[in-house]
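K.L.:
So you can see what is in the structure, the chains are spelled out below.
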Amino acid sequence: MDQLNISEKVTDRGAILVVEGPVNSYTFTEFQTKVYAWSKKADLVLDMSAVTSLSSAGLGVLMAAIDDANDAGRKLWILKPSEIVRMAIESTGFADSFAMIGALREAF
Amino acid sequence: MVMIVSGLLAALVLVIFGAHAEASATTRRIGRRTLGLCLAMAAYAAAAALESIRGGPALLSLAADVLRLAGAAAFASLSIGFPAERAAPVARAAIWGAWFVAAALLSALRLVSGVDARILRAAVELAAAAAVLASSVAIILFPDRGLDRDERPRSAVLGMSGIVTALAALVAPFLPTYLSGPVALAAWFVLGASSHYAATTDHVIGPYEALRVILVGAVWTLSVGLPVGVAAWFLVEGLGDRPWIRFAALALLFLLATGPAEFARRRFFSALRGGRRYLKRLEEDLAAIDLDSGRDTVLDALEQALGEAMRFRDFAVLYENDGELDALRCPGGAKPRIDRRDPAIEHLVNLGTTMVSRRRAGDNRNYAIVRSRLLEIFDLLQADVLVIAREGREVVGVFGLGRKSGGSDWGRYDFESLARIYGKLFVFAYYLRNAARAWVIQTVDREIALSDQVIRSVQQNVDRIEHPKADAAFVTRSTRRLGGDFIDFVRVSENRWFFVVGDVAGKGLNASMSMVILKSTIRNILKTEKNFARLVAKTNAFVKKSLPRGSFFAGVFGYIDFAAGNLYFINCGIPVMYLNTPGFASFVEVQGDGKVLGFVRDIAPHIKTRRVAIAPGSTLAIATDGILEATNLRGERFGKERLQRALAEYHSYEAPKAVDLAVKAAYDFGDGDIEDDVTLFILRTKA
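For the protein sequence lines, the chains are A and B, in the order given. At position 84 of the first sequence (counting the first as 1) the number is 84 in our numbering, and the numbers step up by one without a gap. At position 62 of the second sequence (counting the first as 1) the number is 170 in our numbering, and the numbers step up by one without a gap.
Hints were generated in silico from the structure; no laboratory data involved. Just to be clear, a hint being listed does not mean it is correct.
Said to hold, decoys possible - 20 Å max Cα-Cα, derived DMTMM-like pairs, lysine to aspartate or glutamate:
no., chain 1, residue 1, chain 2, residue 2
1, B, Lys652, A, Asp71
2, A, Lys41, B, Glu391
3, A, Lys41, B, Asp393
4, A, Lys40, B, Glu392
5, B, Lys716, A, Glu90
6, B, Lys652, A, Asp67
7, B, Lys748, A, Glu83
8, A, Lys41, A, Glu83
9, B, Lys652, A, Asp68
10, B, Lys388, A, Asp68
11, B, Lys652, B, Asp434
12, B, Lys653, A, Asp68
13, A, Lys34, B, Asp571
To be verified - Not the full set, but computed from the structure, chain A residues with beta-carbon under 7 Å of chain B:
no., residue
14, Ala57
15, Val61
16, Thr92
17, Gly93
18, Ala95
Where a beta carbon is used, it is the ideal one built from N, C-alpha and C, also for glycine.
Pulled out of the complex, with its shape left as it was, chain B reads as follows (with noise of 0.2 Å):
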């Protein structure tokens, strides 16, 4: 009774435990072959557990034997290299060539040659302790010498389990015959659990981890195993002398029970192990995080969100700095300066990272070339994790986050929460760059001090339409210097331009720094995502999760075709499109319905790509809502009809000084006092 009980319930954690290594070894592979060995494990497990009903199939001793050779195999397998990924294609086929040999001659003389079963199964202990002794030394004795000071002591951790395992399982045969079974099921099923523990755990060598996970493990045990190992016992006495209905009703509870199991993982245990769910605290902190507050205050509230959440214990910052990557935050005080070109940088640039582990930095063989040097990187940082923000190849800031407190790891929750805030970090080490460049140029006034040099020169920084078809100009103004409007052109080929003419809600800094982070994406965005559409919708999905909370973009984005005399736009809640074409000698309204980004979470259903013909001597005029809300002494507002008749008044004008005019009659009508930021933008097409 007690080896049936024990050996389902030593399968069904093994089962488990092989699911949860497979989902979160470092590497895949590691992964596979541990969820592999688990298998092989829980087979052998519930083998033995059937085999001792009485009267149950005796092929099941045969499967039993067999199923533990495979996991000897499936150990060595696992051994090569460990916790490094190490091909070694003929070395493994080596092993499952043996396996397969062993198990081939082992069925033979079962079933053919009726050699005694009992002389069988002590040659298959000592055959399978013997392969598990023998990787365990080897990798102990020889362990691999691309293993850094990390990966030694979960290697170490493997090896001593094997031996372990080993020694337990040569004793085994010698027992009295009612301890032999119990005593090989406990050998091999530490085995299982060590392998996992070894695959899954960063610092294997740390009480508090080792503390938990045996914790963990028992009250899982007894949770599970309890309700479990009842209902095997009414099962067993209830169904009397019928040992295939019996077998068929355990391994029934068997698969039913590990639904249940795994979702007592999941659900109840994972607080336990250090899987709190954090992530919508997380973000509703990091949004209430106002960068008007000054670059120490939001980096503290930065510090203090981050730390709440995923309890680490040291924070470090970087920021990009003249090709450097300058500390502003580093444990210990230290200042440490890491070249922006060092290699393993680059390599993480290369690899498109934008987040990596100690742990796979150490396992995973993308980083082999740059390994050691990576190593050094978190040491110098002391971190487990480190975030690359960064748009394309252009690093913006790196954040290093340190050991958890307690001695957990980072797990999977862990890195999915990090790519989900992905996008905030970005904006933040955006934000902090920006700050720490603009705090060597401190003034009185510290919200225009921090960052209008920056921001004005993201402004001005457009590619201008220069064309012979084209005279173009704008204007940007703010009447607080820092504002959210933006204008910017990419020349895309000789004959087309695309164009971004919009304002990003917010005020001051926050809106400033929004628009700026937005126009970098934009252009980002650009490079890869040639479907208009589609560039508008990541567009607005990167508004909606990655700007801070309340921003919004109102705009449009445009496409002119000087060579096709078209232009195509996406109209965003961009105020007002006037057009004049020689024809109709008026300035009539285009831009049509539009929805401003940011507010819902999928634009695509909302928008639609317009086209409307610019023909020599049109003219083109694009404002945003700031010279519309131009307000006067008695209240009343410039509107569009003032800007329309504004534009018709300087038609004959070239677009500069057309534009020009235009501003100033919004500004004398405000008697020079406009409450929000002013874009306007000329296009006029020549012959």
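One chain only, chain A, in its complex shape (with noise of 0.2 Å):
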């Protein structure tokens, strides 16, 4: 799959976007909009079970979006990350503080 696909759903508990595809640079801005839109303004669950790479930037982006959601009050997860992008994860060595998950009642 090499175009990024991102779908929206919002619940009354929060928002799910579900990422499908590569992050990288080609595709990282439109996984940068939505993730930053929904970010401050909702809890949000981001399933990541289907993206096939995740650039530095893309990382960049689920970083900023901690903080922001960590400063507007709101929280943030990760749906079954897939392989590669848990070892993005673990890479910056602060793979605890990012919430990740194996289910969607674990964070709604």
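Hey, can you piece these two chains together into the complex? The hints should help.
P.N.:
Set out below in structure tokens:
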């Protein structure tokens, strides 16, 4: 899958973004726009189970979104991160700061 | 009753004026002197109020007189050279000496000789008024020669208010008893209030500013004064004929009212005074500016973000260009050019100044020797505030922020906000300078044309390791030409090198600019910070606060000591560091755990300095993630094991060739296409 596809679901408990495909230098802007838009205004679940690559810029968006959510008193979960996402997160040394969950019920 | 309430209220207001002046006046000394004057006037007003209580302590009358004289002395002291700082210790000592003698004489006449209090009161009124009148006439007729055109109006306001006060105070003793006290109180209140105005206001002859101050004062006085006045009335009436208890209760009320009054000033009237809180929004707006969008767009967005937050009229930007500060934007389309070695700019750099207001430039003696030239620059840029974007002595650019819309002043909150966003302004100045340079070599591919040459030259500009015991080489490649990888070496001594290898997260121009800025910032920090861990902590703080949102640095900081054969390093998220020692004859990972920079505000608790011995014959290899993430058509990653094998295979070659071959192996594996930047550094130690 070469294209990034992000679908949004809004529930009364928060928002869910389902991210599929690569988050790289070509697709990063869409990922950034959608994540930044939601991270401040609602509790957010990022379903990253179908992410095939995550560039450092994409990882930076996740880190900034966690900051934004914390500042706004919101929560951000990463649902079922793919192996490549998990490795990228672990490479930061701050994996404990990323709320990674295995099922949606752990968030909402 | 009127005297009690108005006196206490005046005292309350004067205390807060004094506190505000102390915090907001351009210079600390002017602020302190204004505070002293306001406190003396406040004490006088409180004493005058309390002495009017029937059966109140008789000494309050004497205290009110002594304090009135103190107020006059404080005014005379403040007026010397106002608003510039003039030491004049002899003149001030004479003023306070005269006050001391007058106070002692007054006390003796009242307490020992029993001279009629009314006669003494009139004498005090006349003496104080005469002192204020003389000081006021002096600063109007003989203003300090060093004052410029911005300072003279403030000096004149002080002088005129002194004359008004003195004339009213001279008339007061001859008025009927019921008018005499209130008129005197009002006159001295005006002196304190107008001194505060002259000491804290930039544009004293501005109708908007004057109107705003009067409006704020009226609203504030009514909202705080009415409740206090009503409470005072109930106390006086309710406590009956018990003067000491009424005195204590009113004093307590006064003290209790000070807190809410100051709170009201800060919170509820800050908006009216132009003190709207905007920092958070401004930081967000600045973070949202995309450096990829082109120089003019960036400049427009920057002007809009700053202008909407701080509400100033004119905006000027100068950037450093071959020893000159050239205008990128200037009011009226002017294109001024200032020599980087201009004495005023040099002086600001020598003082370590990052921002200066027109008022401070005019008042503060630190700027005295370049004052006229500095004010010329303010005029040239039509600015009220200059922000000097610099790293050490290198001035990257200058921002000129104009007079505020509506005539309000640049206040403490504005300067605190500027200090908070200074790092970001520096980043913009750096970007604008390099973008402006690259504009000359514009090509079709804007992203590449903008800064590739500059960035490449920065990437190559390192103190290469050239040591008899070392064979070192590195390669940095970016598939999109503009990348965030960087490597830097700084020779610390004959046998010691400092190095950084890493990757600044981001894409394209943003990442490249962040890389350039971070590289120069680390070098700058290195000049002053000798503690290794603190250097990394400061770098982390810079990444967190000053680089665009979402930026982080993954890499390693190290010191190589060839004499001792040691490598000290702090892993900040470098994916791999291999060491091959003669005894082990294999490439072993030594990097350990690491935390990237720019995620947490304080990295200090998370970092650890490690040491490994690099005996002669050892090989150190450091790589960023790009080489590991090279992917072939089957989706397999090059990874650590293939890199390890490649390093082992080319181990017998000299470092430059080994580096090239290892990188080539990764590119061959990825069929010539690697998505991320690639950096590989190899160091061999020799006997």
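K.L.:
It remains to establish, for every hint, whether it holds in the given structure.
P.N.:
Hints, one by one, checked against the model:
{"no.": "1", "hint": "B:Lys652 <-> A:Asp71", "verdict": "holds (14 Å)"}
{"no.": "2", "hint": "A:Lys41 <-> B:Glu391", "verdict": "holds (18 Å)"}
{"no.": "3", "hint": "A:Lys41 <-> B:Asp393", "verdict": "holds (17 Å)"}
{"no.": "4", "hint": "A:Lys40 <-> B:Glu392", "verdict": "holds (12 Å)"}
{"no.": "5", "hint": "B:Lys716 <-> A:Glu90", "verdict": "holds (18 Å)"}
{"no.": "6", "hint": "B:Lys652 <-> A:Asp67", "verdict": "holds (11 Å)"}
{"no.": "7", "hint": "B:Lys748 <-> A:Glu83", "verdict": "holds (17 Å)"}
{"no.": "8", "hint": "A:Lys41 <-> A:Glu83", "verdict": "violated (28 Å)"}
{"no.": "9", "hint": "B:Lys652 <-> A:Asp68", "verdict": "holds (13 Å)"}
{"no.": "10", "hint": "B:Lys388 <-> A:Asp68", "verdict": "holds (12 Å)"}
{"no.": "11", "hint": "B:Lys652 <-> B:Asp434", "verdict": "violated (30 Å)"}
{"no.": "12", "hint": "B:Lys653 <-> A:Asp68", "verdict": "holds (14 Å)"}
{"no.": "13", "hint": "A:Lys34 <-> B:Asp571", "verdict": "violated (43 Å)"}
{"no.": "14", "hint": "Ala57", "verdict": "holds (5 Å)"}
{"no.": "15", "hint": "Val61", "verdict": "holds (5 Å)"}
{"no.": "16", "hint": "Thr92", "verdict": "holds (5 Å)"}
{"no.": "17", "hint": "Gly93", "verdict": "holds (4 Å)"}
{"no.": "18", "hint": "Ala95", "verdict": "violated (10 Å)"}
The structure is inconsistent with the numbered hints 8, 11, 13 and 18, although it conforms to all the rest.
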